[in-house]
Each structure stands twice: as structure tokens, then as C-alpha cells.
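Protein chains: 4
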Amino acid sequence: MVEDYKLSVYSANMELVKSGLVTFTWGNASAIDRAKGLVIIKPSGVAYDMMSPEDMTVVDLEGRIVEGRLKPSSDTPTHLVLYKAFPEIGGIAHFHSEFATSWAQAGTDIPLLGTTHADYFAGDVPCTREMTDKEIRGDYERETGNVIVERFTSGLLDPLQIPGVLVKNHGPFTWGESVAEAVFHAAVLEQVSKIAYFSHTLNRHYSMNSSLAEKHYSRKHGTGKYYGQ
Amino acid sequence: MVEDYKLSVYSANMELVKSGLVTFTWGNASAIDRAKGLVIIKPSGVAYDMMSPEDMTVVDLEGRIVEGRLKPSSDTPTHLVLYKAFPEIGGIAHFHSEFATSWAQAGTDIPLLGTTHADYFAGDVPCTREMTDKEIRGDYERETGNVIVERFTSGLLDPLQIPGVLVKNHGPFTWGESVAEAVFHAAVLEQVSKIAYFSHTLNRHYSMNSSLAEKHYSRKHGTGKYYGQ
Amino acid sequence: MVEDYKLSVYSANMELVKSGLVTFTWGNASAIDRAKGLVIIKPSGVAYDMMSPEDMTVVDLEGRIVEGRLKPSSDTPTHLVLYKAFPEIGGIAHFHSEFATSWAQAGTDIPLLGTTHADYFAGDVPCTREMTDKEIRGDYERETGNVIVERFTSGLLDPLQIPGVLVKNHGPFTWGESVAEAVFHAAVLEQVSKIAYFSHTLNRHYSMNSSLAEKHYSRKHGTGKYYGQ
Amino acid sequence: MVEDYKLSVYSANMELVKSGLVTFTWGNASAIDRAKGLVIIKPSGVAYDMMSPEDMTVVDLEGRIVEGRLKPSSDTPTHLVLYKAFPEIGGIAHFHSEFATSWAQAGTDIPLLGTTHADYFAGDVPCTREMTDKEIRGDYERETGNVIVERFTSGLLDPLQIPGVLVKNHGPFTWGESVAEAVFHAAVLEQVSKIAYFSHTLNRHYSMNSSLAEKHYSRKHGTGKYYGQ
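Order-wise, the sequence lines are chains A, B, C and D.
If you number the first sequence the way UniProt numbering does, the last residue is 229 and the count never jumps.
If you number the second sequence the way UniProt numbering does, the last residue is 229 and the count never jumps.
If you number the third sequence the way UniProt numbering does, the last residue is 229 and the count never jumps.
If you number the fourth sequence the way UniProt numbering does, the last residue is 229 and the count never jumps.
Chain A with its partners taken away, still in its complex shape:
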């Protein structure tokens, strides 16, 4: 039914591990088949080296299992909220990499400090607000998606220009037009988080001309882009 997606979701999950972004089973990636309205996602709590493409679970946008013998990732409701709210995205990655997670635990946005950041994120990487008791005790994973969407809506942020977020006290989610791009953005975010950590602990009185950030983002992504072949 969605065999190609199962392979790309499997590969993306394995790439997350190979990139050093996942400890134990702490990560998951998914893709959406927009035509069929189906989401293909890693099963919950399965060891990566025991997993094969056929183990990917297929759910509809209400989270009902359509195909697969394993329970989907417990974070599936978060993915579903994001797919509904951000119609341009085709894949999502969630992980607990060391530096991005440390910013999420610190509870602050990752400031835009350099051109490597600006090449992929057109602004600070936002951190969500603290969730309320009610949200946590209710439909927690769905509410996690909701606070992400709230942050983008209230901040007038474009999810394609800012392809990732930190969930406070939890960790990062990244996305892209495909699940492969979501995982690429995961690796970029970790590298950006790491360099920002070192910069921030060296000198908290930094500054960056916002024109420089716009220049770098636009030379890679703007209408007149000229980076690459």
C-alpha cells in the first residue's frame, strides 16, 4: 500500500541513529502520504538493529492503525497534529540529541548567532512554553503537538523557513518536505545547537546583523539563490 514510504521511513530512522542523534530507542521519524492521508512511523520502543522496513506502522490521521502488527511510536499523536497544521511538510523527526536537548531543558530559544544556522533556519530556533498540568494529564502527546503549533502561529513563524522546534524540558522535533529532509535538518539542528552552546558559554553579549542572516538564508533558499550547482 505504502511500501516505498516504509522503506524511506525505515532508512530515515536508521540514519538518525548513524548520525549519533539517538541514544537507545529515544527517537522516531515518520512520513506522510498526503494523497492517501496515511502516516508511516517507527513502532514504539523497538531496538533499531531488530527493525526492518516491514515493521513500520501505518496509521490514518486520526491515529488508527491501518497496517502493521506493532504499536506506533507513543509520540504519534504529536506527529499527527503537526501534519494537520503544517500542510507543506512531508516528514518529521523526533530525537533527544545531546546539544539540542540541552537547550530544550534550559528552556530557551537557540539564538541565531551564525551563518551555518542562517543557512537552514531563518531565525532563532523556537522553544515552546511550559505545558500546563491539564495539558500534561490530558491527551499529552496531542497537546505537545498543539503547543508547537501555538508557538508557530503566535510567532508568525513559517514551518518551512524554521524547520524545527524545541519542546521545553523534552527535546527537538524537525521536519522537511520529505522524511529524509527532516532527518537532515535534525543533524543540522544538532550541529547548530552545539556551536551555539560553545558561543553562548564563551560570551553572552553576542550580536548578529540580521541582514547577514537574511543574506545567507536567501543565497541558499531565496528566488535568486546561487549556492550549489
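Source of the hints: derived by calculation from the structure; they are not laboratory data.
Hints may contain errors.
A pair holds if it fits inside one copy or across any two, identical chains being indistinguishable in the list.
[Stated by the list, open to error] Within a straight-line C-alpha distance of at most 25 Å, the following computed DSS-like cross-link-like pairs (lysine-lysine) qualify:
(1) K215 with K18
(2) K225 with K134
(3) K225 with K71
(4) K18 with K84
(5) K220 with K71
(6) K215 with K134
(7) K215 with K225
(8) K215 with K71
(9) K220 with K134
(10) K18 with K225
(11) K36 with K220
(12) K84 with K71
(13) K225 with K36
(14) K18 with K134
(15) K215 with K36
(16) K84 with K220
(17) K36 with K134
For chain A, the structure is supplied; the task is to place chains B, C and D on it using the hints.
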């Protein structure tokens, strides 16, 4: 007599090394056979690559060697105190991994800052108080066990919900229902310590809604747990 | 035409990657053939493992492609400004390594704190000033070269004695008499940046006798040098 | 003449590299044959992978080459001063490892914060005072040895109980009864420096009961030692 335990204790010690938690011979792991009242532990100061399962030393709960030609780890009396005080645990690991040890040397608890921490530890990872001269000059390794137990007793902490501790100016001990789980908790603790280090040096004014911690711990360990298959 | 240079530029780019200085495609190295007035440089945005020596692009000092089917690195105009301003240099490397970039993002010079630094850089590693909106929106990559040259000119710095620079909010450039030496200086700069980071976060009230720096630089590079065979 | 020493000095130098303590050619190790009054040391500035045991240079205690076609390490005069002042030591290592060097650049002693430190160093790892212009411009490498000796003499430190030192703005030297032990102490010092770095940046208001340090040092090295077999 306890050949299966020797193999699992040997494997757990080797896993500690493979996980990057041990420098030189600075670590040890043990298991208890509750039925026989015997503890199986790594011998003292032996190089890992020279060691085989038969080298594991077997002692009774008073520390008398029951089987084995090598002296047990010099930390054996600490293990024995913990096995007596915490009847639910089946294995213990001790090591000097970089980040967990740095918190032990700093002399502070590891604050609960994120969900990866909350998934395995239902609260801060406690640090013991400074030992007195009398405790150090007396039966030092046994007293080390005693200050750990004191911390759990006085803090009303459940050793299965908080499966590890920092001994001040020394390093971490972790435990579990088996020695394999003790070593798994060792790796989790090091990762948690590392991310908390980065968070703490980024922003010391952090906060975490305690409901979020309870939610994450319970979705993995509570009666209604739903993580994994 | 310049086949030898293509091979050495290709090798230098691959060495940048092997040295851990490059994430994804975030780096480039070039050489100049002074006799012919040609610069040989990595193509823009090409994956390293798909690249061969023949893919190196050859441009003249005005940036016109003389040989090669691929667009040169988007940073080519920066390289050209440096080759014109610093006639003694034969190769340039640009990269976004973790520690050097973090100092660039922090916007400060790397202070001369130790003899490993002094062995290769006869003073602080300078950081350029913030670029103006006009410079950024104009011929940005050429202006990046200009602010580097301005820093060396205004600071009376000798580019052979200080074979590298940090571009504020961007990252390092290094150079040398050949492209191989530029890449060697890249690796030295990253190591120097890393140790300076740790020193700076340990104790910001450091000092170094400038005679010690002069001694170390001169025992490797002075007229009476006596290090090595 | 001293073929066995050449082999052990060669092996110790290679072990320094394998342990990750040396970048490029920034390190050297030597041994002394006390009976013959000869010192066997790595040649200056030679790449490790081009080096063989026969390349080790043999000098007498005045630094005159007795055997070998290559110039000895430029740090040879420092080694000679230490061999003369510390008659119990048989080998010396010098290197610029990341964390030990960062403490040397910060210009402070490494505080005794934990038992892994106390197992091998019976106190803080001392840092030498700043050298004077006269010392630096004079017989610099010999004076480097002299400030080390001065620190041990004035501080009433026993070089066997404190088998290493930080030379301010330069880097560490370690030693031992053999060159192999000197290199082992090098690896211990780097690990101790690393953990102390993390502790120090976490919480500068640390404390350690000195009885604990004495206990750990003596259980490994005292007359009643009981660690190991």
C-alpha cells in the same frame, strides 16, 4: 554453583567498558543470587581484556570468599550494604564515567530537567553527604554504602524508582532488577548527566513542571504504561 | 593546464573532511598558481564522496571560469580578495569547525594563551568587525574578503605570521604557502580554539608573558629556529 | 648499547598517540638508564608514523648526543633537569592534551576533587609560576625544568606522590618509575583534568574531605594497600 551469574556479571562488566563508562579498571558490576545469598562480583584491579567469566569472585553477604581465586573488588562492602538495604534489586554497577562523576565531584544532585531523565529516574539523582573522618578512617567501603542508604531513607526515596546515586567526591552507583539492568541504568545516567551538564551551564534558571516528569515516568513504568510493545 | 593544482586542491579538501573540520558540504579549499594567475577551487555544494580532482573549478583573478563544468564555491570572491591582498600565500581553507566557529559567533579574538597557539600564530587570532548592511547587501562575498584585509591592515598584522582569521558570525579562514599548509593551519586553529575555549571557561583572568609567545614562535619559525630536524 | 630502552621509549611515544594525548607531533617521552647515565628520547619534530625504535636519540646528562642520527626533542633539557632533581623517576612524558593543557593555560592548579584523582595524585596537580623574561630568553628549556623543580621544592611535594605538573601557558609533564608508567600517568592526568573541568564549571564552591583523598591514595599505594590482586 552460580555459573549463570558469573557469565552475566562478566558480560555486564564488559558492557560497562564497551559503553565508554570505564577508564582503565575504574569500574565494577555485581549480581546477587537471592536464593543462595551469594554475590558475584568482578575481581579487584584486573585488566578487562585479561578477564573471563570464571574470574568472577563469589562472596557471601558478610563478604567471605565462597568461590574464586581472585580478591573481589575493593568496593564489595558497598555492594553488600546496598543488597541488604534494597531487597528488590538484583544487580549493581559502579563506575567513574565523565559526566556523572563530575556532578559527584561538584557535590550536587542532578536536577530533573527533562523527559529523558524522567523516563528512568522519578526525581533528581541524589548526591550523598560528605563522609566524616570517622567513617572514612573506619570501615570505609561499608560506610560508603551506609551514606547511600541514609540518603534514600532520609529522603523517602524508592531505590527502584531512583535506580542510582552519586557518592560525593567519588562517583555513581546504579542498580536494577538484574546486573544487565544496572548497567543499562549506568548508560542512561551518564547520558542524563551529560545533557544536564550542558543545560546547567547554559541557563541555571531552569524549571520543569513536575506533572511532566510524573507523566513520562508513568507512561513507561506506571500501571497504565503505554510506551513500547 | 593546472592538473597538479587540481590534485592538491582536491586532496586538501578531502583532508579537511578527514580532519573532522567539515560538516556536510560546509567547507572549501583553494590554491593559486601565481605564474598563471589562476585559482583552483572546490565546486559549490558538491558532496565530498562524489567529487574527483577533475571537478575542481579553475577561475582567473576576476572570478571568470577558465576551466571546469561546475560552478566554483560561492565563497570564491572572498578567496580572490585574499590572494590579491596577501601575495605571499599560496592556498586558502574555509570551514565551519565547531570551536573556531563558536569563537567567530561569540565575536571575539582567540586570546594567545599557550605555547601550542604561539608555535603557529604570532598573536591573538583576530576576529573581523561586524559587516554593515551595505556590505552584506552588496557584493557580499567580496566584502567578506575586504573586512579580513582591513583587519590585517589596520592591525598591522602579517598574514604569514597570523595564518588565519575569524569572520564574525560566520567562521574561520586559514591560509599558508600552499593549500596543504592552509589545511594544516585549519587543524591547528581548531585545536587551539578548543583548548582556548576550555581555558576561557575555566578562568577568565588568565595571563601570558609575551616573551614566552615570542620564544615559541621563533624557535619554530625564526632565523635561529631549532625545532625539528 | 641501550636497545631495550629504545624500544620502550618508542612504544611509550606511540602509546601517547594512541591514547589521544598528542596532536600532530606535539609530544615526547623519554627514559633514563640510571646505571649508564644515559637518556633515551624521541627525536624532534618527526612524524609518528615514520618513526622506528632505532630513531630514538641517546644523550648523556649534559645533553650531548651519544647515539642516533637525529636531533633529540627540543624539550630534552627540561627532561634532563627533572632526571637530575628527581632521582627516583625512570621516565617522563610531555604532551599537549586538551584538558590538561587548558588548565595550564588557565594558570591554576587542578584541585583535588575526587577519588579518581586521589588514587594517583596525593594532592592538587601543581601549576608552575609564570617564567620571567630572563628565564625565557636565556636557556629556556632548562629553565622550564627549573621552575618545575622549584614548585616541588618550595611546596614540599614528593614527585612520586604527585607524578605530574602543569607548566603555566604551556602544558603538562608526567613521570613515573618507568617511561610506561609516565605515559599511564599522562592518560590518568588527562582524565582527571577533564572531569575536574566539568566539575569546576558546574559548581565552583566544591569541597572534599582531605581524609577521603588520603584514604584513596593509601588504599592503592600505602603500606597497607588492598586494591588489586
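Non-conforming hints, listed in increasing numerical order:
1, 4, 10, 11, 13, 14, 15, 16, 17
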